[in-house]
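Visitor: Given these sequences and hints, build the entire structure.
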Amino acid sequence: MAPLVEARGVTRVLPLTVPVTLVEGVDLAIGPGELVAITGPSGSGKSSLLYLLGLLDSPTEGEVLIDGAPTHAMSTDQRAALRLERIGFVFQFHFLLPEFSVLGNVAIPMRRLGRLAPGDIEARAASILTRLGLGDHMHKRPDQLSGGQRQRVAVARALANDPPLILADEPTGSLDSAASEQVFEILAGIAGQAGKSVVAVTHDIDMAERMDRRVHLVDGRIVSDERRSTRSEGKEART
Amino acid sequence: MRLLLEIALTHIRGRARQTVVSVAGVTLGVGFAIGMAALMQGSQDEFVTTLIDAMPHVQITDETRTPRTQPAERIYGAVEIHGLKPRDDPRGILNPVEAMTGLRSWVPGAISAGLRVSGVARYGGTDRGVSILGIEPADELQVSKVAEDIIAGGLSDLVGGGFAAVIGDSLAERLGAGMGDSIRLSASTGVARNFKIVGLFHTGVVATDETLVYVRLKSAQVLAGRQNAVNDIRIRLGDPDAAPAVAARAEELLGLKAVSWQEANESILEAFAVRNIIMYTVVAAILVVAGFGIFNIVSIITHEKARDIAILKSIGFRERDVRIVFMAEGAVMGGLGGALGALLGAALTAYMGTIEFEFREATEVTHLPVTWNWIHYAIAASLALVTAALAGYLPARKAAQGNPVDIIRGAT
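Line by line, the protein sequences are chains A and B.
First residue of the first sequence: 6, per the numbering used here; consecutive thereafter.
First residue of the second sequence: 104, per the numbering used here; consecutive thereafter.
The set of hints was computed from the structure by calculation and includes no laboratory data.
Warning: the hint list may mix true and false statements.
What the hints assert, rightly or not - Under the rule of at most 20 angstroms between Cα atoms (straight-line distance), these lysine to aspartate or glutamate pairs were calculated in the EDC-like manner:
#1 B:K501 with A:D82
#2 A:K145 with A:E104
#3 A:K145 with B:E109
#4 B:K299 with B:D272
#5 B:K248 with B:E313
#6 B:K188 with B:E354
Said to hold, decoys possible - Ranges between beta-carbon positions, derived for each pair:
#7 A:P103 with B:F395: 22 to 30 angstroms
#8 A:G73 with B:R423: 24 to 32 angstroms
#9 A:L19 with B:V391: 36 to 44 angstroms
#10 B:R423 with A:R232: 35 to 43 angstroms
#11 A:A78 with B:L497: 26 to 34 angstroms
#12 B:L497 with A:E231: 47 to 55 angstroms
#13 B:V391 with A:T135: 49 to 57 angstroms
#14 A:H144 with B:A119: 18 to 26 angstroms
#15 B:L112 with A:H144: 16 to 24 angstroms
What the hints assert, rightly or not - Sample of chain B residues lacking proximity to chain A, with all beta carbon distances greater than 10 angstroms (derived):
#16 S146
#17 E251
#18 I254
Where is the CB? At the ideal position from N, CA and C, for every residue including glycine.
Guide: See the structure below:
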């Protein structure tokens, strides 16, 4: 089976007066059902790699494949369409639209995709929010929620179109330990469901240790790529 | 599309005060543009209507635009004669009966033949230069609206026998003459006769009221010393706009100069055209200024919402979607301003229509002339919408082209 996302010799150089290399010669394949941590010191290119994998940015060299299909020749519209259907993003900050309710924020990707009737969109958004423990907050505005709750709404929005790949950039970076744990549990729970994969950039070594796989970057290069089996044990322990 | 519009409206609501100011700018621009257009078009229409009513739609005189073709030129193709000028002393329209019969066969309107003679009117030692127009009253009433302007007596009284004249009230006033008085009309030929004033008219056009004297055709022919002469055929059409075509055909058939009312007033109509261009330029300038307000507010919103734009693009919104959101914001403001401006324009037009003035100069206007024309509303509203959409497009394009990664990095 083709990896959900694959980087082949990916390099990203910022064309500044003095060019800055963010990512260099990265080969990485993420298969279905994986929970992957990308770690590394600040400025090592973790987030840059995540944006490249999520088609938010384009490599200077090499290519990114989604479901085995190369993306370098795609138009911005085609890449946007792939993001809409196949990729869900969660950022360090929730980035919810402040004017929309929690339910409205989660419905936005589905409304943009336009495959479901308005009633079905609302029902699905409500179902996801309930699953993430936000059933009582659906009609609130984002500013009426705590940081952890907002980040869970962001996760719900990433799940809205049922994408097989969730990319999270420091998803717990701005949360306290209790909220971080909640968000991690949710992301860990998503990974493996119907072959979904979660790739999360994190500084939190403990969190990374609890994931299936840990990819460590230094100066834009992968220096280690370790697979573990701790999560399934942990999962069993949690359940 | 509904989602994009919904996002646009949330942005606008979030900037309510600035939005109101921008919309007010467009409203005032559109409103005053419509009011100004109604007033200018109204005055133009009234002036043109007065012109059309006061003069024949087509006037054929015994002049030619170019020297007559010489017999030698007609017979020998190789002959070319230069330096010829039209005759200084027009002999009148040759075969006027035949010309009239020919015209009556195809002209869609009334025709009157007359003889125009320059002369002087004298009464009580006062002389005034006048244009004496010999007419057949029955025909003249068909081509002229002078009957509506008669304030004493009537054209038909010219038929009563003897030398009679109907003159403008201004001329009568300047001569100090009145109804029943005899004025002495002298033609440039030197022939002079006493004419009894049997009627007074007031057209509102000073040049006409001060200089025109109606007499019977026969009387004019006596003054001119030209029996049976006719040098002025006037045509009144059902459709005044057809005058140029009728004039061109008459000129081609008769070989005489035929002038439509449009040609006769070309400089005035050109002045109106220039005035309209200036007016619409000012209107466009007003709306462009209003557009800057919209540009400003949409630019602020795109700056404020840069993070939202980034997240929408990361979700999978296309650049076009982002552009539509912000252009919709401009269009909503422009549309709202256009609609309110149309209402303001209608109110202004209605109010101006109630203002009354009295002039005794070139024309008599008893109220501010305004015209209700949907084209004014369409042009002003369309300009507002286009300006607003363009004002929204520029910042929208910039916002859409931005790299979401830069914004997300900046935010994190």
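Visitor: Mind listing which of the numbered hints don't hold for this structure, in increasing order?
Guide: none
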